[in-house]
Amino acid sequence: SQELEQSPQSLIVQEGKNLTINCTSSKTLYGLYWYKQKYGEGLIFLMMLQKGGEEKSHEKITAKLDEKKQQSSLHITASQPSHAGIYLCGADTIYDKIIFGKGTRLHILP
Amino acid sequence: DGGITQSPKYLFRKEGQNVTLSCEQNLNHDAMYWYRQDPGQGLRLIYYSQIVNDFQKGDIAEGYSVSREKKESFPLTVTSAQKNPTAFYLCASRLAGNFGYTFGSGTRLTVV
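Here the protein sequences come in this chain order: U and E. For what it's worth, the numbering used here labels the leading residue of the first sequence as 1, then goes sequentially. For what it's worth, the numbering used here labels the leading residue of the second sequence as 111, then goes sequentially.
Any given hint could be a false lead.
[Said to hold, decoys possible] Reference listing, derived: stretches of chain U covered by chain E, where coverage requires no fewer than 3 residues with Cβ under 8 Å from a Cβ of chain E:
1. 43 to 50
2. 100 to 106
[Stated by the list, open to error] No more than 20 Å apart at the CA atoms, straight line, and that leaves these computed lysine to aspartate or glutamate pairs for EDC-like:
3. U:K27 <-> E:D169
4. U:K36 <-> E:D148
5. U:K38 <-> E:D148
6. E:K119 <-> U:E41
7. E:K181 <-> U:D96
8. U:K102 <-> E:D148
9. U:K102 <-> E:D169
10. U:K69 <-> U:E55
Hints listed in this document are in silico derivations from the structure and should not be mistaken for laboratory results. Just so you know, even glycine gets a beta-carbon here, dropped at the ideal spot from N, CA and C.
Looking at chain U on its own, in the form it has when it is part of the complex (with noise of 0.2 Å):
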């Protein structure tokens, strides 16, 4: 069965800081969801990619996808404390259903 896993699990970053996550599947991806979880509440979808090499951007958040198809990234640019919170990645499998990884805890130091 096909696995997510994303690192790292936990992230601490002085706000203004870039950083990344990453995610790595144990299959090729064919659908790849970033998602978005304030502690407690539902998941915000932020971004789907499907091509090798797909790269998209949505304000200071950048989602890639690799040519293999087996990893992306989450990049975020100066990082503010609205991005706090846990950021999944979730993907298609044949079933109609997404699994996803474990999460990675974003917190934002002021």
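Based on these hints, arrange chain E on the given structure of chain U.
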């Protein structure tokens, strides 16, 4: 506005009792899903349904039951057979095909 609504936000249950979590969507999505989230475990799939009157077990279905009598509704019952039900439960829906999920705001269930 279209969306997916979970209720209640917080739920307390005594040991040995069944409890039902509500999930309603007005997005006209075909598929609906229930996930459980525990600290350090990520999201684990309990049940999912792709069409009305049909549903499939996920990875951790034991101790849970669902129904899908209407397209808009996918309630989850946590039965007394679930040995460790205290968790955060998330409901989601999606259109058929490769589209991301829309999530509800979650229900936190605590067994007292």
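Here is how each hint holds up against the structure:
1. Interface restraint, the stretch 43 to 50 of chain U with chain E: holds (5 residues with C-beta to C-beta distance below 8 Å; minimum three).
2. Counting residues of the stretch 100 to 106 of chain U whose beta carbon lies closer than 8 Å to any beta carbon of chain E gives 4, which reaches the threshold of three, so the coverage claim holds.
3. For the given pair, K27 (chain U) sits about 19 Å from D169 (chain E) by alpha-carbon distance, which is consistent with the 20 Å threshold.
4. At most 20 Å may separate the alpha-carbon atoms for a hinted pair to count; K36 (chain U) and D148 (chain E) meet this at roughly 16 Å.
5. Pair hint K38 (chain U) plus D148 (chain E) holds up; C-alpha atoms about 14 Å apart against a cutoff of 20 Å.
6. With a CA separation close to 9 Å, the supplied pair K119 (chain E) and E41 (chain U) stays within the 20 Å bound.
7. Proximity of K181 (chain E) to D96 (chain U) is assessed by CA-CA distance (about 17 Å); at most 20 Å being required, the pair is judged to hold.
8. The hinted pair formed by K102 (chain U) and D148 (chain E) meets the criterion: a straight-line CA distance of about 10 Å does not exceed 20 Å.
9. With a C-alpha separation of about 15 Å, the suggested pairing of K102 (chain U) with D169 (chain E) holds against the 20 Å cut-off.
10. About 12 Å separates the Cα atoms of K69 (chain U) and E55 (chain U), which keeps this hinted pair within 20 Å; it holds.
Against the hints set out earlier in the document, no violation occurs for any number.
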